[in-house]
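Heads up: the sequence shown begins at 433 in my numbering, then just goes up one per residue.
Simulated from the structure, these hints should not be mistaken for laboratory data.
Keep in mind that the hints are not guaranteed to be accurate.
As the list claims (entries may be wrong) - DSSO-like mimics (lysine-lysine), calculated; alpha carbons at most 30 Å apart, straight line:
#, residue 1, residue 2
1, LYS1172, LYS1243
2, LYS633, LYS665
3, LYS1084, LYS528
4, LYS648, LYS629
5, LYS1085, LYS1033
6, LYS1140, LYS1182
7, LYS1033, LYS503
8, LYS1140, LYS1213
9, LYS648, LYS707
10, LYS1141, LYS823
11, LYS528, LYS1078
12, LYS684, LYS700
13, LYS1243, LYS1190
14, LYS1179, LYS1033
15, LYS1045, LYS1141
16, LYS684, LYS702
17, LYS1141, LYS1190
18, LYS702, LYS783
19, LYS1213, LYS1182
20, LYS627, LYS707
21, LYS1182, LYS1169
22, LYS707, LYS746
23, LYS1140, LYS1202
24, LYS1185, LYS1117
25, LYS1078, LYS1202
26, LYS702, LYS788
27, LYS648, LYS700
28, LYS1213, LYS1225
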Amino acid sequence: MGMKLTGKHAQRIKDIKGEALEKLILKNVRELLIKGSALRPTVFLMEDLHWADTSSIDLLETLYRLAENYKIVFINVFRPGYLENGNNKIATIGQKYPGCYAEVEIRPLEKVDSENLIENMLHIEGLPHSLRDQIVDRSGGNPFFIEEVIRSLIDEGAVVEGEGGFEVTKRIHNVVIPPTINDVLMARIDRLEEKTKELVKVASVIGRSFFDRILKDVAASIGDVDERLTYLKDIQLIRDRVRMQELEYLFKHALAQEAAYESTLLEKRKALHLKVAQSIENIFQGRLHEFYGMLAYHYGNGDDPEKAEEYMVKAGEEALRSSASSEALHYFRESIRLYVDQHGEKADPGKIMSLKKNLAQAHLNRGEFSEGLHYFEEILDSRGYKFPKGKWISTIKGLWNIFSFTLILYSPFKSGNRVPEAREIENCDLLYRKGLCLLHVNSRRFLLEGSAWLRTYLGWDLKGIPQSPEWIAYSSAGLNVAGLCSLGAKLLERTERISDGEDLNEALGFALSRVTLAVNVGSWNSLPDLGVSLVDIGLRQGDLYKLTAYLLHLGCIKLELGVFEQAGLYAEKLHLITESYGYDFARVHYHFVTANILIRKGAFHEALTEAEKSVSAADQADMNPPKLRSLGVKIIVETLLCRPDKAASSVKKGETLLAELGIVGPLYRAPFMLGRLLMHLDRFKEALISETRTRIRQCERETLGSAKKAVQVSRKHALYRTWILKSVGEYYWLAGKQNKALSWWEKAIKEGKALGAKMDLARTYFEIGKRLLESHSKHQKLNSIDARGYLEKARILFEEMGLERDLDDLKQITS
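Just need the whole structure built from these sequences, with the hints factored in.
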């Protein structure tokens, strides 16, 4: 099976964005590739990829991953030297998929092969050997050069088609072979009739591809356009197709379009670019949003920077609305460059900051929180919002803000009465978005600085501000993530009183706030379920951040409840977001959730691979709190795989990161604290077997210290709580304090039942039963249940959840 696509001219046009792009690629190409490869090996050929725009490259990147698991080969064709430029993502594909990647340099044809190509194209007798040799020598083994020379011989009438094939005419002796491919192409264009040549030049200004209606409007003064286009098709200079429900032509080779374009005088080109832009505005005024990028390109080349900037900004905003954030980044950067180039030192700082706000939002939409934070801070600094940078003064001011905000939140007056000015609302929205970035970059700063704007806008009359439900809902979720769940819950109450609950954005905000609260306090049975349709609508609207966070937390909770199938479904939706949008925030958490699922199923080697991918993705995206959480899962797996040195190294990295971050919410700390506890517990076990008394005491102290910190975190975060309590009981049993061990296991059972944490509850039963069977056990029962009773409880739950590995371990104990 084969598939062949052709790249577009680098005119930075974004014809298909967001939802349409997702549908086209995901529902058609991806499914086609997967289904096709199941029947037979599939080859996906992309020619002229050096012309591809940013979003096309991003989408191809998501498809390349298919090569790891399916019988699919991607062949990418570039101009020589393109990959060496170092400014494109394709150049890094070899590093990402070293086992699937091979680079093939296409060498020039050998002399004999060039001669065979000439012979195969013409099947002609009488072609002078000197001319044949000249073609071979000038071409340098370039087959396209040879093909164009042969076509030029036909154009000149030096070779004509007779009854028996091609024949040489007397003109062959006057033929001069141009020295370069550009000269060959220009010679072909120059031989065209004057009006036809003018039409080709007009078309070249429109681009590599050009719509029939636009060409006819711009070239209205040229007669018989249809006949001339037919002739250009006959001589294989252009071809046609239907795209966007329009008849479209394109140059067969980009070099032909380049040659025609470069041969057009600069002033003439500028005038034509302006005419093309105006034609697009007239013809496609009902669907102009599809052509913003094209309009920016033509106005830019038409020397109208104001119009170019206007459409560049509109193209970026359109890309933002449709989740094409990589394309939005390109347009917004270009709009800033255009504005600064046009105005220089006279550029309005306020206008530049307005453009940078778009850039900041595009970074936030892509999950590039550090980059987004940089721009949001720059904008806020320019508006006079400067939070103290010093550690002590920022801490003191932050704590005062938290205290003040808490007083306002719990005051009997449920809302302020001051109506803010428009600029205040705009500043508050910027602070809110900065907070979203901080939450995943620096938890300490989020808590200290976020409380300042919470304090500010809670003093306003929120009912008159459309954004306020969204602000408060996500602020509530942020407080929950930071571990201040009582404040988060109280803030959510404030939101629900001012919202009608009908807005999708608000619904997502409330759902996320509730699920982050549930993750920490353990109210897992009263969780909101958005439903598949609402999730899909959110995806189409581009609410990637909200949906990713919602799916992450809900997936983790379903896993704790032992509902593997549902946890897997949420993980798959995270994978869909990752694959569809190249969204790093989703990528980090897809691998995180998958690693946790694999750990619970006992597939430790596969879990380690996923945990490492999660750590790597968080590191590359500069998401430090999520990186700490992923490191915790990595430590857990390394310990379960009996790799103490690796686990110790990961613990050291986590401790360094924790010290750098300062304040980190329990949601991010809990997996790391559990991982460190398991690592120290494993060390303690080893020391009891073979080490000296001094070493045993050292390991015992380290384990006890880790146990205390893990328990402290578990009080504010329900995920892993039962596992932590079970592990603390195991520590006390190994330390010879069996009564304390039983007391901690009772706590683990109580919490496991209250939470519905079937997985860890079953393993707690198993641990108790196993320990009570030991010869040195001083106890025969716990709460009137003996070892066999606990092992039976564990067996029932293991069978219910289909955990074969755990059942095998249990059989070994019971036998």
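The hints, checked one at a time:
no.	hint	in the structure
1	LYS1172 to LYS1243	holds (27 Å)
2	LYS633 to LYS665	holds (15 Å)
3	LYS1084 to LYS528	holds (26 Å)
4	LYS648 to LYS629	holds (15 Å)
5	LYS1085 to LYS1033	holds (27 Å)
6	LYS1140 to LYS1182	holds (19 Å)
7	LYS1033 to LYS503	holds (28 Å)
8	LYS1140 to LYS1213	holds (26 Å)
9	LYS648 to LYS707	holds (12 Å)
10	LYS1141 to LYS823	holds (24 Å)
11	LYS528 to LYS1078	holds (23 Å)
12	LYS684 to LYS700	holds (24 Å)
13	LYS1243 to LYS1190	holds (19 Å)
14	LYS1179 to LYS1033	holds (24 Å)
15	LYS1045 to LYS1141	holds (27 Å)
16	LYS684 to LYS702	holds (24 Å)
17	LYS1141 to LYS1190	holds (24 Å)
18	LYS702 to LYS783	holds (27 Å)
19	LYS1213 to LYS1182	holds (17 Å)
20	LYS627 to LYS707	holds (18 Å)
21	LYS1182 to LYS1169	holds (20 Å)
22	LYS707 to LYS746	holds (20 Å)
23	LYS1140 to LYS1202	holds (24 Å)
24	LYS1185 to LYS1117	holds (28 Å)
25	LYS1078 to LYS1202	holds (28 Å)
26	LYS702 to LYS788	holds (29 Å)
27	LYS648 to LYS700	holds (17 Å)
28	LYS1213 to LYS1225	holds (14 Å)
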